[in-house]
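Protein sequences appear in the order of chains A and B. As numbered in numbering that gives the first Met the number 0, residues 0 to 253 make up the first sequence, in order. As numbered in numbering that gives the first Met the number 0, residues 0 to 496 make up the second sequence, in order.
It should be emphasised that the hints constitute simulated quantities derived from the structure, not laboratory data. Check the hints yourself; a few may be wrong.
Listed below are the simulated SDA-like cross-link pairs for lysine to any residue, each with C-alpha atoms no more than 20 Å apart in a straight line [stated by the list, open to error]:
no.	chain 1	residue 1	chain 2	residue 2
1	A	83	A	54
2	A	67	B	193
3	B	93	A	31
Distance ranges between label pairs, derived from CB positions [as the list claims (entries may be wrong)]:
no.	chain 1	residue 1	chain 2	residue 2	range
4	A	163	B	473	52 to 60 Å
5	A	67	B	372	15 to 23 Å
6	B	487	A	66	25 to 33 Å
7	A	163	B	198	44 to 52 Å
8	A	213	B	341	44 to 52 Å
9	B	467	A	44	43 to 51 Å
10	A	66	B	200	18 to 26 Å
11	A	91	B	132	40 to 48 Å
What you are looking at is a predicted structure, and each value in this text was computed from that prediction instead of being measured. Note that CB positions come from ideal geometry on N, CA and C, so glycine has one too.
Residue-level listing of the chains:
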Amino acid sequence: MKLSSFMDSAYPQERAPTRPSKGRKDMIFSLEDLADRIGERPDRSSVEELVGEERSQIDLLLSSQPGKRCALIWGYISSLAAEKSPEALHLPSFDYAGLELAKGCIMMDRAGDHVGERMRGGRIVVQQEAGDYLGQEMKGGGIVAASCRDYAFRQMKGGWGVVKGDAGKFLGLGNTGGRIAVQGSCGQRAGWMMRSGRLYVRGDAGEYLGLLMSGGEIRILGSAGRRAGWQRKGGSIAAGRLGQEAADGVLELG
Amino acid sequence: MESWSWARVWQRSRRNWHWPLLPPPRLYFRPGETKQAGEFSFSNYQIALDEEILNQGPLYLESLFDHLIAHYVFCPRSLEGASILARSALEGLKSPDPDKARALVNIFSDIVVDSLRLERSETDREKVLLSWKKLAIEQDLMELDRVVLGLLRRYWEADLPACTRTEVSLLERVFSAGFREQSLWPRQCRQIARILEPLLPGILGRGPVRCLEILNGSADVLPLAGAEDLEPGQYNLVSSALGLEGDLVRWYRDQSYSITIQEAPRARSEEHPSGPERWRLTDPCSELDVAYSLSLSPRLIPGVTTYKRGREKGLMAPLGRGVPDLLVVLDSSRSMEGHRLGSKTHRATLAAFKACRYAHSKGAMLAAINFSEKYLSLPWTRDLSAVERTLVEFFSTRTHIPGEAIRALAEERPGCLILCITDTHIQNLYQEWEEVERAALAGSFVLFCIDQDYKDRHVEGALAGLGRVYYINRLEDLVSIVVEITGRAYAGESFIS
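Same shape as in the complex, but just chain B (with noise of 0.2 Å):
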């Protein structure tokens, strides 16, 4: 088949969804296959078609097409539904597994496209019914296939293999409850990955899980959905599934883009000029506009041909003004609990993560340190991803703050706003007390005490004259604190009293 022609049967599938914005299908050569001009082959494309594909004939093409833009612009859709059907899958796994869980989203998604495509249009019946006819008479099918199968000639009442498995009932009762219903998928994903998980693998299923932000290339920028519910471990599971590398950084990543920070600037109330006024005796005469004056007649009379300009009070927008730079210093002692959702760490790692971003996005240059018994010290930057990478190390050793390193930092950039988080065991406050001191006269110091039981009255009193601290009783509030302030500081706002 020439290329113009599979080009028109892919024109013609855009056009039976609406024109859906998809990148054309490229077709793939195999190594050892000659390149034809013009084209080019990426492993990873997508839409890609091979000779072997071409030679099924325009109808078995264009149910192809079909069913890939059905995934594209219905099951999943977005990187959003597509981790949700693989968290669930991953959650109705006894054993999770993200390879397991990427065929069970694959197969769910396949039996919802397809039955969308049954219901859309009945003409199409022969054309949806084609592909899994092909399946039906592979030499290799499997018994997860071959349940899948006999649901399929049940659910659609098609001419396909029958089977007589439990599994097949039970996976019928799941679908007895629609599939255009988007709020149950993921508890349909969940029990299908039940049902099917002792028959795994089978032929269906492989293959990457098909979403448009994957199909563009941007899926790695992206936020994933839900992060802030899960663990890392599960954040990474959920992340393999879907074929992205999931990583500490990208864990609290995802989760910061679903804090907002309030911006409230201030509207400034100064006089301005505004049009002219009649000029008095009373008034100073260094107001008197002569030349005005004399513009509309030829002889001043004093409060009768005499003006000036008169000037009204009212807001304007505030004045541009440079912003603080920001130092973040992070406690990553063993007290700190280490990253698990709802620990120390994990929230002080959330909040520093949310107020660099925002500086950032403001601006400013950015310096952090991350400390236990030894330190990590990242220099003044605007490379908010090794920023990132240095808050996440976790020590877990003593509470050795390094005053020095905080100094120097700070004078690098006077009047910097220095964001400290910690949970006060520090075991050399005295120590280091002058060096950091001198960070705090230097900078704007901003300390976040979590752990209130270990309040001292004498610390608490030095601490109180570094700058503002705040004690923290609920680790919750950590987050909206430190957002509250670095939103404060970035708007212009005083908020060291």
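Looking at chain A on its own, in the form it has when it is part of the complex (with noise of 0.2 Å):
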């Protein structure tokens, strides 16, 4: 025992009320703090290991507006606050939020770049527009949106992405695996280099759909721009109308 917790218990009323109080080495004053305690490379156990489990230190952290240097740690503790809360989590619109999500439930109005990415489980509800990169690198959960810009859901690896408007360029690149819906229509090289997994879209895909894919699966309901397929070895496309040059074995739904 200290001698000052020795003093304190032995002349309890001589103890000051005004006394400022011991602190705690751990406590993180703000996001600058903790992202100079861990240093260039976040990664999210580290994040974890110093934000602790403490309801109030999250709380604020969340509350504060992430630079550009404290972005990445932002989106840990997006996830960390998710998980830990018992109903669905009202975010801002800042980029990376959601990420390495494992549980819980996120609702955002719009979404920054870079949502949803490398999640593992878990929702992730955008009430609007989201950003580029939307669910990169997933590898299960779920993520709807509105709408979403270039780059969603690229090098997928499982999990689920909805999205009920129209998905920008270079959708489901490099896709190992999950599946992919899209209500409305979508840019160009949907599919690219697409080894496994699904893509379905309710409107038309743009040119060189499917581009180099080796497998997987992909249904155009609409049209499909020119050159669908080409250079592609293997899975299956088919699309409602196909564009000029499409490459042998893609199917005309008619």
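Put the two chains together into one complex, using the hints given.
Here's what the structure looks like:
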């Protein structure tokens, strides 16, 4: 027992009520402070270790405006908060929200870039437009967005994604699993270098649909642009109408 | 108030803090005021009192003395502590400025020391709050001061003006981690800088940083902590925040302090006389100690009453020997990359600094040549500062080795140690070859070639004939190898094979 603790227990009435409290060394003061402690390459385990379980600390960090330097850290904290929250967590539209999310639910009005990146479980719902790289490298869980920009669900390995409106270019680039459904149309080079998984588009697709794909399944209810299935090595592509120079083996549904 | 009374207050404050060894306060006279006999005025003296302070009364004076003493014994205490805090404050600022950093270090340390005073003694509460209450009623209070007073109101639960700004909560969070943990201070100070930067300046934080070395006037000659992690520009900012003048010489000097040279002097093993031993017929007659033998017995009976001086072998302290003088030849061409952390120039200059400092401590004379297309030559001297000033020059042009100047200096001091540090992109090596060869004959030539990729078989062979050549693969090794070679040279080992 330290002398101060011994004296406090021996003379409780003498203890000053206004004495400034002795604090904890592990307290995080702000996102920048956390970034200083973590260093240049943040990862989930170090963020989890430093932030700890305390709810007030997580809330404080989550309410901060992340600069470019702290964007990844804020993303990890948003996932930690969502996993601990018993109900859906409403977040502002910053980049990297739901980074490596494992469970829980995140609701956003708009989404920045890299939302739901490397997520393994849980749900992310974006009421309006999402930015680039939505659900990049995701392995599980699901994302619903009103629309999204380029590189959505790039290198997806598992899980599912639903886009209620239109998607940008390079949808499902290099996918090795997972399912993507787009209720509107998608831009050029959807399913580029796709190796496995499913891509379903209710509207139209741009040119070079399924370029260099080697596996998986692409279904377009509307029309596909020119050179659909160009240099395809495997997998299947079917579209309502095919544009010019479609590769052999690409099915036209008619 | 008479002078004896404030002297007594000073002694009372010192007693409160267990008699710290601090110089006594002095009365400070503004220009135009009459000076009392026996008093003198230094405008930069840290514990200086003027009439205005004395008129505040003994309680205020004691509070002021307690506050100042707490600075000198607790936070920031030393130059090292102050430099760590100043560096943290600068890191927290979006636009680093030494004046802002100084103000933030002062504000942080003021809060820390007064929190300590409050925690230390409950009876001192009124005394501690006296100066803060005085500040609160100032007419020209600024936003920064209001925020700090708002923080102290919450943190100390004191009767000070409230402030509703969000910065108060953020500051409170910083100090809720405590103030005693010194390992937290840099983080806390950095965070305070981030929070308070938009509110600067204010009444608080004015004046110099209060640490012992600055008070004692020795801050200029002491190393600044953490210089090895700072770029020259950052180092100058930190120095400036502490009211010191930072330059390249001091930057290198402060880094070289932390490099140690391990001395391993070899003891010599020799015969030395020991006690008397029996002389026998088989021993040479010359060894017989007749006088000693006759002193023990009137008759010399061989092997019985005959003695000789015995000798035994053992380790003895090494003989005193002359130390070789040191000539440092340093390349400062463009390919050496200039003075910044981790560059070839940085490593080479740091190594040269350490070697010079060590040789100087051993009593050696020093000379230096700093060369690029032109060169700067310093003749043999014992002035270490002059050598250091020569070494930090950076010409940043082509690499022309001044063979004649090296030879001239080497021949002035035969047997000197010549340390040449270059990246060997020497464009006039063959023109100057004869001169360099003659210099190598006059002294012990050790060449450190930094750029391993530029290694040329013919040049390598030629250079090997001069003396010892070290090719440095990793730049980090340069300092340790130079230091090792210098250590060996001055510890008496043969380092040239």
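Hint check:
no., hint, result
1, 83/A / 54/A, "holds, 9 Å"
2, 67/A / 193/B, "holds, 16 Å"
3, 93/B / 31/A, "holds, 12 Å"
4, 163/A / 473/B: 52 to 60 Å, "holds, 57 Å"
5, 67/A / 372/B: 15 to 23 Å, "violated, 43 Å"
6, 487/B / 66/A: 25 to 33 Å, "violated, 51 Å"
7, 163/A / 198/B: 44 to 52 Å, "holds, 46 Å"
8, 213/A / 341/B: 44 to 52 Å, "holds, 46 Å"
9, 467/B / 44/A: 43 to 51 Å, "holds, 49 Å"
10, 66/A / 200/B: 18 to 26 Å, "holds, 25 Å"
11, 91/A / 132/B: 40 to 48 Å, "holds, 42 Å"
The structure shown violates the earlier hints numbered 5, 6.
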